[in-house]
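S.K.: Using the sequences and the hints given, assemble the complete structure.
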Amino acid sequence: MCTPALRPLRLAALVLLSATAVSVHASDSAMPDYRAIAGGSLRTVLPADGVATDASVAPFQLRSRLVTNAEFAAFVRQQSVWQRGQAPALFVASTYLSGWSSASDYRPLAADAPVTRVSWFAAQAFCESEGARLPRWYEWEFGAAADATRADARDDEAWLAHILHWYADAGKQAPRSVASKPPNFYGIHDLHGLVWEWVEDYSGLFVNADSRAKGEQKLLDYCGGAAVTLADRRNYAILMRLALLSAMEAQQDGANLGFRCARDATPTRQGIP
Amino acid sequence: MNKSFKLSAVTLATSALLALLGNSVASAAEPALPVITQELVAPPQLPPPITRKSAAHVVVNLTVEEVEREIAPGTRYTFWTFGGTVPGKMIRVREGDTVELHLLNLPDNKLPHNIDLHAVTGPGGGAGQTLIAPGNEASFTFKALSSGLYVYHCATAPVGMHVANGMYGMILVEPKEGLPPVDKEFYVMQGDFYTDGNYRAPGLQNFDMQKAIDEKPTYVLFNGADGALTGANSLTAKANEKVRMFFGVGGPNITSSFHIIGTIFDRVYTEGGTKVQENVQTTMVPAGGSAIVEFTPRVPGNLTLVDHSLTRAFNKGAIGLISVSGPEKPEIYSKGIKKPLAANSIAKATAPAKAAAKPAVAAAPAAPAIHARGKAVFDSACAVCHQADGKGVAGVFPPLAHSDFFQQRPYEMAHIVLNGRSGTLVVNGAKYNGVMPAQDLNDEDISAVINYISVEMNDGHAVLTPEQVREMRKKR
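Protein chains in written order, with numbering that gives the first Met the number 0: chain G, 0 to 272; chain V, 0 to 475.
Hints listed in this document are in silico derivations from the structure and should not be mistaken for laboratory results. Predicted model only: the values in this text are computed from it and were never measured. Even for Gly, the Cβ is constructed at its ideal location relative to N, Cα and C. There may be inaccurate statements among the hints.
[Stated by the list, open to error] According to the in silico footprint, chain V covers these stretches of chain G (three or more CB under 8 Å from chain V): (1) 150-161; (2) 239-251.
[Said to hold, decoys possible] Some chain G residues well away from chain V (every beta-carbon gap over 12 Å; in silico): (3) A37; (4) S40; (5) V56; (6) P58; (7) A69; (8) T94; (9) A102; (10) S103; (11) D104; (12) G130; (13) R132; (14) P182; (15) Y185; (16) G186; (17) D200; (18) R262.
[Said to hold, decoys possible] Cβ pair distances, simulated, as ranges: (19) G/G98 / V/I263: 55 to 65 Å; (20) G/A47 / V/P179: 26 to 36 Å; (21) G/D154 / V/P201: 26 to 36 Å; (22) G/R106 / V/K142: 49 to 59 Å; (23) V/P285 / G/R149: 33 to 43 Å; (24) G/D154 / V/I263: 48 to 58 Å.
M.R.: Structure, rendered in structure tokens:
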């Protein structure tokens, strides 16, 4: 795999956090629910060879719910370095958690709404605090291919049209509560229809993994690039996810951008070793 | 909008850019260019002609706005726009200008966007430099090397959907010597839209991906709405004014057989380039392409903009009007005469000369003709919903025949025909809750159809004159 360009920054973030405690939110919510997903071969919209090669997804666990305002507030109370006003400008933008009334009070936003306006660094730090990481793109795409009854619903045009509606909506309202709709085949809620989601390897998604292919950059950000790089061009909803992620910098955030966490199949349950 | 923020950002970026220019391009003899901020106005208006005779550094601040609004009367749709309008605000610069384009993706938008300007010489046309998530601003500069009328559009995946939701506009690069002066300029773009409901189905409509991929639009529209250039929104001109229209097609898919009923284009800058064709009836405009058309109305009345691939005009909305005022000029265009064929000429079609030799007198419209007109209007505009016999469809379309509502309130009926109506309505004791779109009919036709329904279907008599409809129209 390719190396994300921001790796040095991320390491810096880990160093920054290594001295802080990691046991979190015992009081605010139940233990987060992670669902095991067996993985396997994935017909991805981003084939590594730029043509049609399936991705291979190793077994992993995915958080069934998006991280909520209440959960993130508990986290920043534990790790004050991630509070608004204290988090270094290298890792968060001026809009970080700007919907909250104070550094640790998410009101007027709802406790059980997904936390938004978080940077990639802050999201990754939260996940590490519960012994996890952000999901990788192929993991997210694998889980998001399912509807309520099928592991892969992507050939169902009616379903594709249905999930597309959220993206077409102008979205001026704050996101509603997490898990207010039934989970998908894997027991995961809200992979579509609530917020955008960070993925761990987003900044490396658009670089050609095969150095023999002239080392060309496969940019998604204009017509030609999008047309020649993407497979499964009918899946507009997924294409929009990629377009959004490719527009982001790791310290930025968004009013409709949240996250969930993932773990390898054999997680280290006690947090950062 | 957040003006002070924009200004300061622009100032910063401008000074940074000027520093760059000083180091590279402009290092030889070229003096620093005067900085001008582009004025942006809503279509069908556009910035005024450029009068300066030398190059400038033009700063353009274009916002991206996702907005829900009417695509047709009673039908709403979520548009993605440049500057809040469809088409996006026109940019007007001069050949040789340096353009500093700032794209601002407003914080309450949901999607990433960017811009590709066809006036740019360079890969992507600016798309790579400007891909930004909501709450961010991007900028880049380019030199307008070639004059012409160019489309710009969003180029974020899925590109077809961004364009289908209205993300296109045009940039005019005037030649160094300028364009010849005219009396009026307009800015019109055609686009195709794909909704999951049928044409004019009421309520909020979603984008229909399958219709888009199949290139089967629900709407083909001028300036982003069914009715954007008709009724009170009609364009206006005076007879003998030289009119120039900057016309483009945003697409994403459908090209335009662009035609204006009732005039001939004196000059067409074919495909928005530098060559001029003269005396053109219909000009072909590709998706992502343009044409500059010039014409001179000579007599009063309505000129009608259409895509002459005609079901787009008459079934999907591609219609606009230019209302021309001025004195009648019968030597150019007469009022005409209509009368029934003489009895013997029906029998002997071989001898029409006698009938034609009769003196031409404009007959006062006879009552039977008006009655026939009313029936024709009823059959074409009303019968599809209210049924040929006027009895309606129980619970869905209220009856017009033997209708207590009609008999008690014929004027309100005319008002509904003129303006449309939605919400509950009780007719003959039954409740209806639907939407009737405003009908695009003239005063005579509305009067004729109301009188026809009154006489034929409600045992009444004529209740409404065209003058009364005219008054009603003025008040709306």
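S.K.: Does each hint fit the structure? Answer for all of them.
M.R.: Tested hints:
Counting residues of the segment 150-161 of chain G whose CB lies closer than 8 Å to any CB of chain V gives 3, so the stated coverage by that chain holds, three being the minimum. Residues of the segment 239-251 of chain G lying with their CB closer than 8 Å to a CB of chain V number 8, which satisfies the three-residue condition for coverage. Look at G/A37: its CB is around 30 Å from the nearest CB on chain V, clear of 12 Å, so calling it non-interface holds up. Taking the minimum C-beta to C-beta distance to chain V, about 24 Å, the non-interface status of G/S40 holds against the 12 Å cut.
The non-interface label for G/V56 is consistent with chain V: the shortest C-beta to C-beta separation is roughly 22 Å, beyond 12 Å. Even its closest Cβ contact with chain V, about 30 Å, leaves G/P58 beyond 12 Å, as expected for a residue assigned away from the interface. Against the 12 Å criterion, G/A69 stays outside the reach of chain V, whose nearest CB is about 24 Å from its own CB. The Cβ of G/T94 sits about 6 Å from the closest Cβ of chain V, inside the 12 Å cut-off, so the non-interface label is violated.
Consistency note on G/A102: stated as away from chain V, and its beta-carbon is indeed over 12 Å from all of that chain's, at 20 Å minimum. No Cβ of chain V approaches the Cβ of G/S103 within 12 Å, the least distance being about 23 Å, so the stated non-interface status holds. With a cut of 12 Å on Cβ distances, G/D104 stays outside the contact zone with chain V, its closest approach being about 21 Å. Non-interface call for G/G130 relative to chain V: holds, since the shortest CB-CB distance, roughly 29 Å, exceeds 12 Å.
Here G/R132 stays apart from chain V, with its beta-carbon at least about 22 Å from theirs, past the 12 Å limit. For G/P182, the shortest C-beta to C-beta distance to chain V comes to about 24 Å, beyond the 12 Å cut-off, and the non-interface label holds. The claim that G/Y185 lies off the interface holds: its Cβ sits roughly 25 Å from the closest Cβ of chain V, which is beyond the 12 Å cut-off. Residue-level check passed: G/G186 sits 27 Å from the nearest beta carbon of chain V, beyond 12 Å.
Consistency note on G/D200: stated as away from chain V, and its beta-carbon is indeed over 12 Å from all of that chain's, at 18 Å minimum. Non-interface call for G/R262 relative to chain V: holds, since the shortest CB-CB distance, roughly 27 Å, exceeds 12 Å. For G/G98 paired with V/I263, a C-beta distance near 59 Å keeps the hint of 55 to 65 Å intact. Range check, G/A47 to V/P179: Cβ separation about 57 Å, and the 26 to 36 Å hint is violated.
Evaluation of the 26 to 36 Å hint for G/D154 and V/P201 yields a pass: the beta carbon distance comes to about 32 Å. G/R106 and V/K142 have their C-beta atoms about 51 Å apart, which keeps the hinted 49 to 59 Å range intact. One distance hint, 33 to 43 Å for the beta-carbon pair V/P285 and G/R149, holds here, with the actual separation near 41 Å. Evaluation of the 48 to 58 Å hint for G/D154 and V/I263 yields a pass: the beta carbon distance comes to about 52 Å.
When each numbered hint is compared with the structure, violations occur for hints 8 and 20.
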